[in-house]
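*Asks:* Sequence:
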Amino acid sequence: MPQQSDQQSLTSASLRRLIWGLAIPNIVSNITVPLLSLVDVGLAGNMSVYGSIGAVALASVVVNTLYWLFGFLRMGTTGLVAQAYGANDVEAINRNLGRGVVLALLIGLLLSLLMPLMAFFVHVMAQGDAEMATQAERYIRIALLGAPATMLLYVFNGWFIGMQNTRTPMVGAILVNVINIFISYLCVRGLDMGVEGLAWGTIGAQYIGVIFLWLRALFSYRSVLAHFRAKDLLQLTGARHYLGVNRDLFLRSILLSGVTLFFTYASTAEGELIVSSNTLLLQFFTLFSYFMDGFAYAGEALAGRFIGMKQRVLLQRLVHQLFAIGVPLTLLAGLLYYLLPAPLLHLLSSREDIVQTAMEYVHWAALIPPMGFAAFLWDGIFIGGTYAKGLLWSMLWATALFFILYYSLHPILGVTALWIAFNAYLLTRGVVQTLLFPRFLRRLSF
Numbered sequence: 001m002p003q004q005s006d007q008q009s010l011t012s013a014s015l016r017r018l019i020w021g022l023a024i025p026n027i028v029s030n031i032t033v034p035l036l037s038l039v040d041v042g043l044a045g046n047m048s049v050y051g052s053i054g055a056v057a058l059a060s061v062v063v064n065t066l067y068w069l070f071g072f073l074r075m076g077t078t079g080l081v082a083q084a085y086g087a088n089d090v091e092a093i094n095r096n097l098g099r100g101v102v103l104a105l106l107i108g109l110l111l112s113l114l115m116p117l118m119a120f121f122v123h124v125m126a127q128g129d130a131e132m133a134t135q136a137e138r139y140i141r142i143a144l145l146g147a148p149a150t151m152l153l154y155v156f157n158g159w160f161i162g163m164q165n166t167r168t169p170m171v172g173a174i175l176v177n178v179i180n181i182f183i184s185y186l187c188v189r190g191l192d193m194g195v196e197g198l199a200w201g202t203i204g205a206q207y208i209g210v211i212f213l214w215l216r217a218l219f220s221y222r223s224v225l226a227h228f229r230a231k232d233l234l235q236l237t238g239a240r241h242y243l244g245v246n247r248d249l250f251l252r253s254i255l256l257s258g259v260t261l262f263f264t265y266a267s268t269a270e271g272e273l274i275v276s277s278n279t280l281l282l283q284f285f286t287l288f289s290y291f292m293d294g295f296a297y298a299g300e301a302l303a304g305r306f307i308g309m310k311q312r313v314l315l316q317r318l319v320h321q322l323f324a325i326g327v328p329l330t331l332l333a334g335l336l337y338y339l340l341p342a343p344l345l346h347l348l349s350s351r352e353d354i355v356q357t358a359m360e361y362v363h364w365a366a367l368i369p370p371m372g373f374a375a376f377l378w379d380g381i382f383i384g385g386t387y388a389k390g391l392l393w394s395m396l397w398a399t400a401l402f403f404i405l406y407y408s409l410h411p412i413l414g415v416t417a418l419w420i421a422f423n424a425y426l427l428t429r430g431v432v433q434t435l436l437f438p439r440f441l442r443r444l445s446f
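Residues in the sequence shown are numbered consecutively from 1, following this note's numbering.
No lab work stands behind these hints, which were simulated from the structure alone. Possibly wrong hints are sitting among the right ones.
[Stated by the list, open to error] Pairwise CB distance ranges (calculated):
no.	residue 1	residue 2	range
1	H363	V275	13 to 23 Å
2	E131	T286	24 to 34 Å
3	F182	I24	20 to 30 Å
4	A269	V33	25 to 35 Å
All residues carry an ideal CB built from backbone N, CA and C; glycine is no exception.
Build out the structure end to end from the sequences listed, making use of the hints.
*Replies:* Structure, rendered in structure tokens:
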């Protein structure tokens, strides 16, 4: 737990070290994600059943999008726990963990009951490919059994980040991915279980990950969790704020998912070459987000901590340091994308026609870092400050502008309109949040 003397000794250099120390484990965790997808695709590609790759890809998109809507469990837990950590409020730390666990279990069980609906959904999305739809349905019916574990992972990861500990979530993420690969390989190659084997590998690893994080919390924070009382969950202290924060973050997630899914939908309408090339170019955005999310998570943890400590000066210095780190990294990423796109594109695809089509629009992808970096950093600050309304308002404005620009410009510019709208959407989020920051500060009681 923080000491009040820390306030005086926290120089700019030590603050930068704190930021990097929290950011790097998150970046490492993010980088492990593509490895798992690569292994799943490789295992599916060697199955004898027709349509296995497409089935796994389709089912994964449906399940991951559904889960992503409930990412507010991690974000809300991080902000509230970080503030309690800064305030040395052990009761609030335990209360927010307990509430998060209860809410995660309720949501997870509800999602598990949605299996018939999700199965119907994949049949619609398969567009008449009965074999692929059947394979995807078999995957989903097993994968959704892991919904409670996924929701609990959100809460535990958020709790650890709020406790200024990003190393444990990193170890947990690596452990989950390694176990997932091991079980999936055993089930698919050893037991010939097909796509169901991949699903069992996923949920088995998720539940093991939950057990690991829970045991880690018990051993590392024994003195904190010793004060946990089940009756604290019945207290109404902060309950309205807790539910309000999670509600606004959930609505924001819906808008975020809507824009992401529409980008793919609009690309698909332009034909196979465009959807393929846009998918490649979006990997530039994904790669950039892996790094910026690391600093956003650091912002969440430290902003919440400094607010809990009632240190407005430290909070403002945190904002300055995050942008001082973010701006040069952003410019470097944008320049690399603009000057050296071909090696990355050829790494992602061997089809020359797709690469050449992507090269026609690569300058728009190179604009993503400078257009979007502020949104990532402000997201971290606002989440740490539990200013969910600010996050929701910025997303509302950005989403509205995205669709207005797309439908206004598409008849004239075609695919270019989609990229203009997407970059404007990213920029608008950052601009609106910048304008809301003074209001964010006025909300503070110190």
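*Asks:* Compare the structure with each hint and give your call.
*Replies:* Against the structure, the hints come out as follows:
In this structure the supplied range 13 to 23 Å holds for H363 paired with V275, their Cβ-Cβ distance being about 19 Å. At roughly 30 Å, the beta carbons of E131 and T286 sit within the given window of 24 to 34 Å. Taking the beta carbon of each, F182 and I24 are about 26 Å apart, inside 20 to 30 Å as hinted. At about 28 Å, the CB distance of A269 to V33 agrees with the hint of 25 to 35 Å.
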